[in-house]
Amino acid sequence: MSSIRRVVVTGLGAITPLGNTAPAYWEGLRAGISGAATITRFDATKFKTRFACEVKGYQPDDFFDRKEGRKMDLFTQFGVIAADEAIADSGLLQSSVNKDRVGVIWGSGIGGLKSLQEECFQFERGDGTPRYSPFFIPRMIADSASGNISIKNGFRGPNFVTTSACASSNDSIIAAFNNIRLGLADVMITGGSEAAITESGVGGFNALKAMSERNDDPASASRPYDKDRDGFVLGEGAGALVLEEYEHAKARGAKIYAELIGGGMSSDAYHITAPDPSGSGVVLVMQNALRDAGIAVTEVDYINTHGTSTPLGDGAEIKAIEQVFGEHTPTLNISSTKSMTGHLLGGAGGVEAVACLMAMQHGQVPPTINLHTPDPEINQNLNFTPNVAQVRDVRVAMSNTFGFGGHNTSVIFRKL
Amino acid sequence: MSEIAEKVKAIIIDKLGVEASEVTPEASFTNDLGADSLDTVELIMEFEKEFNVSIPDDQAENIGTVGQAISYLEEHAK
Numbered sequence: 001m002s003s004i005r006r007v008v009v010t011g012l013g014a015i016t017p018l019g020n021t022a023p024a025y026w027e028g029l030r031a032g033i034s035g036a037a038t039i040t041r042f043d044a045t046k047f048k049t050r051f052a053c054e055v056k057g058y059q060p061d062d063f064f065d066r067k068e069g070r071k072m073d074l075f076t077q078f079g080v081i082a083a084d085e086a087i088a089d090s091g092l093l094q095s096s097v098n099k100d101r102v103g104v105i106w107g108s109g110i111g112g113l114k115s116l117q118e119e120c121f122q123f124e125r126g127d128g129t130p131r132y133s134p135f136f137i138p139r140m141i142a143d144s145a146s147g148n149i150s151i152k153n154g155f156r157g158p159n160f161v162t163t164s165a166c167a168s169s170n171d172s173i174i175a176a177f178n179n180i181r182l183g184l185a186d187v188m189i190t191g192g193s194e195a196a197i198t199e200s201g202v203g204g205f206n207a208l209k210a211m212s213e214r215n216d217d218p219a220s221a222s223r224p225y226d227k228d229r230d231g232f233v234l235g236e237g238a239g240a241l242v243l244e245e246y247e248h249a250k251a252r253g254a255k256i257y258a259e260l261i262g263g264g265m266s267s268d269a270y271h272i273t274a275p276d277p278s279g280s281g282v283v284l285v286m287q288n289a290l291r292d293a294g295i296a297v298t299e300v301d302y303i304n305t306h307g308t309s310t311p312l313g314d315g316a317e318i319k320a321i322e323q324v325f326g327e328h329t330p331t332l333n334i335s336s337t338k339s340m341t342g343h344l345l346g347g348a349g350g351v352e353a354v355a356c357l358m359a360m361q362h363g364q365v366p367p368t369i370n371l372h373t374p375d376p377e378i379n380q381n382l383n384f385t386p387n388v389a390q391v392r393d394v395r396v397a398m399s400n401t402f403g404f405g406g407h408n409t410s411v412i413f414r415k416l
Numbered sequence: 001m002s003e004i005a006e007k008v009k010a011i012i013i014d015k016l017g018v019e020a021s022e023v024t025p026e027a028s029f030t031n032d033l034g035a036d037s038l039d040t041v042e043l044i045m046e047f048e049k050e051f052n053v054s055i056p057d058d059q060a061e062n063i064g065t066v067g068q069a070i071s072y073l074e075e076h077a078k
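Protein chains in written order, with UniProt numbering: chain A, 1 to 416; chain B, 1 to 78.
Bound conformation, chain A alone (with noise of 0.2 Å):
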């Protein structure tokens, strides 16, 4: 193993339902807030879910002007904004790094829903003439992101999307992670972002059965381990990690927040939205990645689940942790931060690898709000981090997605 490369997180970025930078969604996250209210974005009357976590106070001319803004869907906006802050975190730009050596590997799990909607209503209100903009196609497609990331850095190494559903954002890390150790880059921007916060997304979701309706009490809908569970929450936004190789990142004296020491892989194999109830192959992710830091159970500090608050979802989840870390379970942090943020869906590997390291950076783990009642078919006694964040010193601490599909991952960082 030892001509593979170490690989070190050395920037953060986020824009979140919580807060519109990884410093404000910290704050967010550590405060326990819900970041979910009524539907702003259009008009959700007649929809069977009314409320979502959208990301607040946005301007796109903040960050954009205006000719530039218009050729991106929101999810390429939120992607290049939080890799933007991500970069000047990391203080990449201020060495001689060889932009020939940084890649950009993003994570979307649908890409520019609203763009795509926006172009047939467009095309439907007409007399049949196609009249569809040049940038209908750049703007929808989930590869945008990574692309418009890179050209505004200039960064010419390995590029592309991942799409897995709502485990995009994981898959675009291990693959990121992968690169570097091989010594295909240096430095990978990486992440995932997601804006699906639209007629056709709720409406899709909706015919899942897959959100929550609690439309009379927003905030506390999002409750994952809680028995009054009845779906997820949609949420919006983006998070950005730059990785970088061990050495590249010291020889520049870079600020280290901590190691990104395994990745994991799995498929159900069982449906394509269903999770495989006997959980096993979330059971086979963590186990793959575990193997793949090298570490013993016994050394994972916390947790943050995929945990969706789907009634099927959590249970099968935690039924896999209990089989994959055996008596150590007890003693595990566990959260899940969607309790607050929502589901970003292809976003969500980017938002919770960060609130995974500002756990670790600020010894305190993120609660799973809601949990008032908690469901008797879940272990209780387990360590749900329940409604108030808890002091650890978070040594190592493991991430899980899973996605539509069939997709598991599951990345875990050690501090240095």
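Keep in mind the hints are simulated off the structure, nothing from the lab.
Treat the hints with caution; some may be incorrect.
Stated by the list, open to error - Computed cross-link-like contacts, DSS-like style, restricted to lysine-lysine with a CA-CA straight-line distance of at most 30 Å:
hint	chain 1	residue 1	chain 2	residue 2
1	A	Lys152	B	Lys15
2	B	Lys7	A	Lys67
3	A	Lys227	A	Lys209
4	A	Lys67	B	Lys9
5	B	Lys15	A	Lys71
6	A	Lys99	B	Lys49
7	A	Lys152	B	Lys9
8	A	Lys415	A	Lys255
9	B	Lys78	A	Lys250
10	A	Lys152	A	Lys209
11	B	Lys78	A	Lys415
12	B	Lys49	A	Lys56
13	B	Lys49	A	Lys209
14	A	Lys67	B	Lys49
15	B	Lys15	A	Lys67
Here the structure is a predicted model, which means the values were calculated and not measured.
Using the hints provided, position chain B relative to the given structure of chain A.
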């Protein structure tokens, strides 16, 4: 300036994000106003929409400056 010329200028200012003072009759979309090939396609589409005309591709190729756009539209607008 004609009403058509005013509208053409407004569209160019909006779509290309340029200052009114830059939008002179001689100004070339690509050389002077920062448009790439996609911006140019979008401009032609906006002209078609605003003036209710259909501009064939072979004629669109000859509209490269502000003045050429105004002349074309003054001749063809309905």
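Practice task
Mind listing which of the numbered hints don't hold for this structure, in increasing order?
Solution key: 6, 9, 10, 11, 12, 13
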